[in-house]
Amino acid sequence: MVASARTPLRIDRLRALNVPQSVHVLVDDHGLPTAVTNETPDHSTTASGGPNYRAVEEILEIWRIDDEWWRHSLTRRYLDIVLAGGSHVILFEDLNTGGWFLQMP
Amino acid sequence: MTTPVVLRSDFAVCLWIPLFPLRCEERRHPELVHRPTALLSPHETRRLWQVSSTARRLGVRSGMTVSQAIGLCPSLSLREPDPVHYDETFSHLLLALEDVSPVIEPVELGRVFVGVDGLDGLYGGPLDQAEAVTQAVRQHGGCDSTAGHPSYRLGWARGKFLSWVAATRAKRGTVVVVPDGEHQAFLAHQPVAVLPITSDTHRRLRQLGLATLGDVARLPEPAMVSQFGAEGGRAWRLATGKIADPVIGHQRPEPIVAGLDFPVPAADRTVLAHAIDTLIERGLRHPRRTGWRVHVVRLRAMLEHGVSWLTEVILKDPSAHRDRIAAPLNTRLESSPPTGAVEHLAVEFTSFARGTDELQLFARDASSSARAGRRQALHAAAREIETRFKRPLLSHIVEVQPWSRLPERRYALIDFEP
Numbered sequence: 365m366v367a368s369a370r371t372p373l374r375i376d377r378l379r380a381l382n383v384p385q386s387v388h389v390l391v392d393d394h395g396l397p398t399a400v401t402n403e404t405p406d407h408s409t410t411a412s413g414g415p416n417y418r419a420v421e422e423i424l425e426i427w428r429i430d431d432e433w434w435r436h437s438l439t440r441r442y443l444d445i446v447l448a449g450g451s452h453v454i455l456f457e458d459l460n461t462g463g464w465f466l467q468m469p
Numbered sequence: 059m060t061t062p063v064v065l066r067s068d069f070a071v072c073l074w075i076p077l078f079p080l081r082c083e084e085r086r087h088p089e090l091v092h093r094p095t096a097l098l099s100p101h102e103t104r105r106l107w108q109v110s111s112t113a114r115r116l117g118v119r120s121g122m123t124v125s126q127a128i129g130l131c132p133s134l135s136l137r138e139p140d141p142v143h144y145d146e147t148f149s150h151l152l153l154a155l156e157d158v159s160p161v162i163e164p165v166e167l168g169r170v171f172v173g174v175d176g177l178d179g180l181y182g183g184p185l186d187q188a189e190a191v192t193q194a195v196r197q198h199g200g201c202d203s204t205a206g207h208p209s210y211r212l213g214w215a216r217g218k219f220l221s222w223v224a225a226t227r228a229k230r231g232t233v234v235v236v237p238d239g240e241h242q243a244f245l246a247h248q249p250v251a252v253l254p255i256t257s258d259t260h261r262r263l264r265q266l267g268l269a270t271l272g273d274v275a276r277l278p279e280p281a282m283v284s285q286f287g288a289e290g291g292r293a294w295r296l297a298t299g300k301i302a303d304p305v306i307g308h309q310r311p312e313p314i315v316a317g318l319d320f321p322v323p324a325a326d327r328t329v330l331a332h333a334i335d336t337l338i339e340r341g342l343r344h345p346r347r348t349g350w351r352v353h354v355v356r357l358r359a360m361l362e363h364g365v366s367w368l369t370e371v372i373l374k375d376p377s378a379h380r381d382r383i384a385a386p387l388n389t390r391l392e393s394s395p396p397t398g399a400v401e402h403l404a405v406e407f408t409s410f411a412r413g414t415d416e417l418q419l420f421a422r423d424a425s426s427s428a429r430a431g432r433r434q435a436l437h438a439a440a441r442e443i444e445t446r447f448k449r450p451l452l453s454h455i456v457e458v459q460p461w462s463r464l465p466e467r468r469y470a471l472i473d474f475e476p
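Chains as they are written, first to last, in the numbering used here: chain A, 365 to 469; chain B, 59 to 476.
No wet-lab data here; the hints were simulated from the structure.
The beta carbon of each residue, even a glycine, is placed where N, CA and C say it ideally should be.
Some hints here could point you the wrong way.
Unchecked claim - Taking beta-carbon pairs under 10 Å as the criterion, some of the chain B residues facing chain A (in silico):
#1 ILE455
#2 ARG463
#3 PRO465
Unchecked claim - A few chain B residues that face chain A, going by a derived Cβ cut-off under 8 Å, partial list only:
#4 PRO395
#5 VAL458
#6 GLU466
#7 TYR469
#8 LEU471
#9 ILE472
#10 ASP473
I would like the entire structure built from these sequences, with the hints used as guidance.
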């Protein structure tokens, strides 16, 4: 038996899930991320990023999305990466603004 | 050994309440009547099961995914199905119809045949018999009307097929009577869509230019058989009115008994309560119980020193749930317990109320009862959280655009409100 949750689903009550989170990224000479942090970097940031940065251990895949050019153009470069410690996340660079964002796969 | 009584009737009233589950929801939530509404499928919650006429006018169709439907109709109200409630409501309707005739054959939720042979002496002609059925439906007070408009349709004719076709031709709250002898003229104008055949055969009939039952009836039977096999032969006989399946009622099953012996006489209530649960589950699994709800249950015990103990409970709402059956028995066990330790305990289901085939899908076994129990527990917990924190903190995850290349567009959260 399936008892009802009695929940009317209305799109005006929907809340976004997996919203991209703004992050700071250190990149190498090829523009690929080497370390990531969600805190504002200070002037003492070193080449390895410092204690608040998590190193990018592996880049699994890179792809690009160009979409919705008819309204607010979306141009993103996505990277499927593994961070130090084994976290598997998606990182993307908004090529319109230059900002970096993190979200779950 | 007694010979089983065959409950059958050649003439039938077909009672049809289209979209019965949706009507049940509208009855519980009258605000849905004028809104575009859809029920989610009980088997695949990503798809729609039943769609209200308002939503249908906006392009929403049964079988669509939720995402497609919301895309077409942003104001669509989606509801999770509550099959047990629909089944209980339908069972009450069947019980009310038993006051009109003992020959009742439910087919699906919202569609039932009532055998009317011999009722002319009691009620009068076909229209009076249909009126008796109507009175029973109104008396039942179930999902017979939406916003004051009757939602049932009735057909009176010989055989189930003809009465069903008559019901589909009836307007809301009215009856179409097909007198014996006029069935061929009536059937000739009906569309082939009313034939109980596969969608592939329907498609092929349309491709052959056969639009009405009259078109089919004009063909020789061997032509239909050679083209469509046995299904074609049956379709031809139905279209010509040469077969009229009678309504077959079912007698209530014999009592079902489940018992157990305790290796050591038991007096502990917890042990007895656990044994009752086990015995009820065993009884519910009995093949004779399938399709029936338990109405009267007895608990009897053989005590030490040859003394016995017996209690009987009539369930206000016949049920196939273990917990609902066990609850009043446990109450009796607390209020008037056996006077000694129990050596043998037995649960008897002695009276039953009708269920439907759909009941078997949802409520036939104890594991489905357990699922419902978990859901109820979840609802209770959610209500408690909302009461304590003044707002719902639990959410559902719903699919929005699962195919999207942008991860944040695929799923969303919505408050869980039991």
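A quick look at each hint next to the structure:
Below 10 Å, beta-carbon pairs count as interface contacts, and B:ILE455 has one with chain A at about 7 Å; its hint therefore holds. At a threshold of 10 Å, the smallest CB-CB gap from B:ARG463 to chain A is about 6 Å, leaving the interface hint in force. Interface restraint check for B:PRO465: the shortest CB-CB distance to chain A comes to about 5 Å, inside 10 Å, so the restraint holds. Restraint check, B:PRO395 versus chain A: the minimum CB separation of about 31 Å is more than 8 Å; hint violated.
Against a cut-off of 8 Å between C-beta atoms, the interface hint on B:VAL458 holds, since the closest Cβ of chain A lies about 7 Å away. The closest approach between the C-beta of B:GLU466 and any C-beta of chain A is roughly 5 Å, which is under the 8 Å cut-off, so the hint is satisfied. For B:TYR469, the suggested interface contact is upheld, since its CB lies about 5 Å from the closest CB of chain A, less than 8 Å. With a cut of 8 Å, the hint placing B:LEU471 at the interface with chain A holds, because the nearest CB-to-CB distance is about 4 Å.
Taking 8 Å as the C-beta contact cut-off toward chain A, the hint placing B:ILE472 at the interface holds, the least distance being around 5 Å. A cut of 8 Å between beta carbons decides the hint on B:ASP473: the least distance to chain A is about 6 Å, and the hint holds.
The structure shown violates just one earlier hint, number 4.
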